[in-house]
Every structure is written in C-alpha cells, then in structure tokens.
Amino acid sequence: MIPAAFDYFRPSSTDEAFAHLQQHGPDARVLAGGQSLIPAMRFRLARPAVLVDINSLTDLRGARVDGKVLAIGATARDAEIERAPWIGERRWSLIYDVSRVVADPVVRQMGTVVGSLCHNDPAGDWTAAALASRATVVIRGKSGARRVPIDEFLVDSFATAVSDGEMALGAEFPVPDDHTAGSYQKVERKVGDFATAAAAVQVSLNADGTIRAAGIALSAAGPTAVRVDEAERLLTGQYPTAELVRAASDAASKRSAPQADQRGSIEYKKHLAGVLVARGLREALSRLGVQAFAHSGVQA
Amino acid sequence: MKVHVKVNGVGYERDVEPRTLLAYFLREDCRLTGTHVGCDTSSCGCCVVVIDGDRAVKSCTMFAAQADGHDILTVEGLAEGGKLHALQQAFWDQHGLQCGYCTPGMLLTAIALLKHQPNPSEADIRAGLAGNLCRCTGYNNIVKAVQQAAGTLGPAAAGAS
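Top line first, the protein sequences correspond to chains A and B. Following the working numbering, the numbering of the first sequence begins with 2 at its first residue and continues without gaps. Following the working numbering, the numbering of the second sequence begins with 5 at its first residue and continues without gaps.
For the record, the hints were derived by calculation from the structure and aren't laboratory data. Please note that the accuracy of each hint is not assured.
[Stated by the list, open to error] EDC-like, lysine to aspartate or glutamate: derived pairs with alpha carbons at most 16 Å apart:
#, chain 1, residue 1, chain 2, residue 2
1, B, LYS6, B, ASP33
2, B, LYS6, B, GLU21
3, B, LYS119, B, ASP56
4, A, LYS143, A, ASP8
5, B, LYS6, A, ASP8
6, B, LYS119, A, GLU81
This structure is a prediction, so every number in the text was calculated from the model and none was measured.
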C-alpha cells in the first residue's frame, strides 16, 4: 500500500528540525532510516501528518568512540557500525554480533541504531543490546538535551521517553574495559525476521577471574526488551562456572514473558530465552579466554 | 514537491507527492521499469538500487524525496553500449537466473557488495545477498555468478574452505 499523504520537511539544522517537531507535536514523526516507519506507514499502522527528515543534519551522523563512550548519532546506519574500524575489538563483541543480525544486509544500509531504539519494537535487537551495554539516549527537549538511561527510555511497546515534539539526537554506549566481551544470540525463522527470542550478554572479568559486571537482556520476551536483573546479580562477583551459567539461564527463562505467536508458544520462547543466555555467556567467556565454556561443538 | 535525481548518469526532475516511494518514482515517473517491485514491504530485495555508488537500498522502503540530490544506479545503467556488465555476463554464464524477476535486485546488491568487498569469500557473498530472495534458482548459481564477477571463481577458489 502507498502511505497516507503527509507534509515533508528536510531541515538543514537540528534547531530547524526541533522547531518543526515542536510546532507539529504528536502529528509529526522523525524520519531517519525509515526501515520500520515506512513499512508501518505503508500498512497504515502509522499515519503521521508531518515527516521531519533528519538525514541532512551532519551533526547527527556517524558513530565515534569518544573518550568513555561510543557516541552513535541519530542517522548512523547499522551498516556503519558493521564496518566501523573499532568493531573487531573484543570489547565490542556484543555490538559486533548485533550489527550482523539486525534485519538484512540491505535494510542495514538505511536502518539506524537510534531509530531502532526509538521504534522500540518488543523484538528489536538494539534495545536488548543497549540494556546489556547500559547505554544512554540523548534526547532534545524544550529545556535542552538530556541523557536518559536505557532502562527508563524503553517505556512500553513502541513508546519511549521521547515525548511529542522531542527528538533523539543519539545514543551513548559506555566503552567497555579490556576484560570485557559480549555475545548476541538470536533465533529467527529467516534472515530479516524479528527474533523468536534473543539474548544480549556482556561480561567483564576482574584480574582474579571473577565476574566484575554482567549485562543480560532479552528481546521478544515482553512488551519491551527486558533486563534480567536476577541473572546479573547472580553472576556479579562470582567465578564463572557451569552451575552459575545454568542459574543465570534459569533466571532468564523465568524473567521472559513472551507472547505466543506464529514463531512459537510461550513455553518454547521462555525455554529458548534461557538457552540463548547460556549460549551467550559461554560465547562471551570463551572470547575472554575462559575456555572451560567454549562450545563443545565442532570448531571451524 | 520537486525531486531532482541523477539515474544512471541522466538527470531527472519530477514533481511528486512526498509519499511517492523511490521504486514507483523510478518505474512510473522516470519510466525505468527494470527496478522490480516484489513484496513491496522490504523483505524480498527485488527493488534494490544503488545510491551514490556504494549503498544498496530497497527502493520500496525509501521516499523519492529522500533520494533528492543523489545519484542512483539501476539495472538499466549496468550495460554499456550493448555490452553486458561483467556481473550481468556472469549471471548469464553461470545461469544465475531463471524467471529473472529478482535479478535486478541481485545485481545491484552485488554491485554494492563488491564495492565494499572486492574479494568476497563465498560466505561473504551468501551473507551479503541474504536480503534478496530468489524463488527459482536456489541461490547456488547466483553465488557462483558473483564469484565469477569478483574473479574468485576457479579451481583455486573451488578447493578453498
């Protein structure tokens, strides 16, 4: 279907974009990559009267490691993350994994990380990764820019802390230390499908081999991506053992609150959430050289 | 609104509604029907065109307005003077198509893929074409065609893992 008619603005400054959004309030939507918004408009699930295209705003482009954060601008494409010069560093392995499984490789040429966070699909990939990474979203509002932790940002399905008239300028992912690795585990029926279930895992080790910090989040496990607080608590301060991984996996199954659909039953998806957290932990630990947790399967 | 684009090196200026999708702009306003519309919902990749030389996009999921001021390459722009582009010739040689409906999208996705990865492995090609669906050939010959165009198809490549 062809989308309903709308007025199109392509401002040349962030101030101008913000002014349009302030003027049109709930009738306006920001157009970044459009890979969720345009299909939604075509299905008439979304009928914004005004689109504010932010693709000309040079200050919102790109993804840069800037001191203590990876700053991802509102129009930085998934493909830019996939090809970033720093993406091969072990510390970014969670982001590396995600950047290769979001949608499909052509959609990733247009789709944006920040747009995905703002869309807040319950089965999105970046939302789970942002939770596990403890990212922050920078929102421009009437009183200037504010930084909102991802846990507060993800309000409900397709709803975020970005209010009418506001816009997300970017996202900030803390730069993990040298002893950090992650993994993203996603089960999808086909390339480009939303996750049946997915788990984002990030683990940092102390010098003595105990877990200093853990980020564990699930996608397709509730109205938004969810943090598995219980698993994070269990893991922190402990030596990684098979029993500990099993306990974190059980906590993830328990925390998962999926909906039954054509991708699977509630029981199956809850089980899968646990399996994927266990796989993610083993992979992240393996990347950190904790070989006891390497996959037992045949290595390439 | 006015949209100016360069398609295959030729300038087009058209007055369209903002809601005009790039695929329809190319087909109906520019009369370039080589770009196919398959699923119309960004799943199949039949409508892929290349923007600014190296970016493959699904033109059913982009507004023509967003392409304003940009260079677009479509399947019509591949052959030169009646001579097939090396990638088209490779699809011919390897029997990389049957009905041909997905072929323009496959070709344009592969053009961008080879810009970013001039020497792709078979796995790179399979991963890079994962957003393009073909319902006839079963992909093997499409992958071989891209390998041929990249110069990586041969006895040496066949033996590598």
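Review point. Checked against the structure, which of the hints given earlier come out wrong?
Key: The structure breaks only hint 4.
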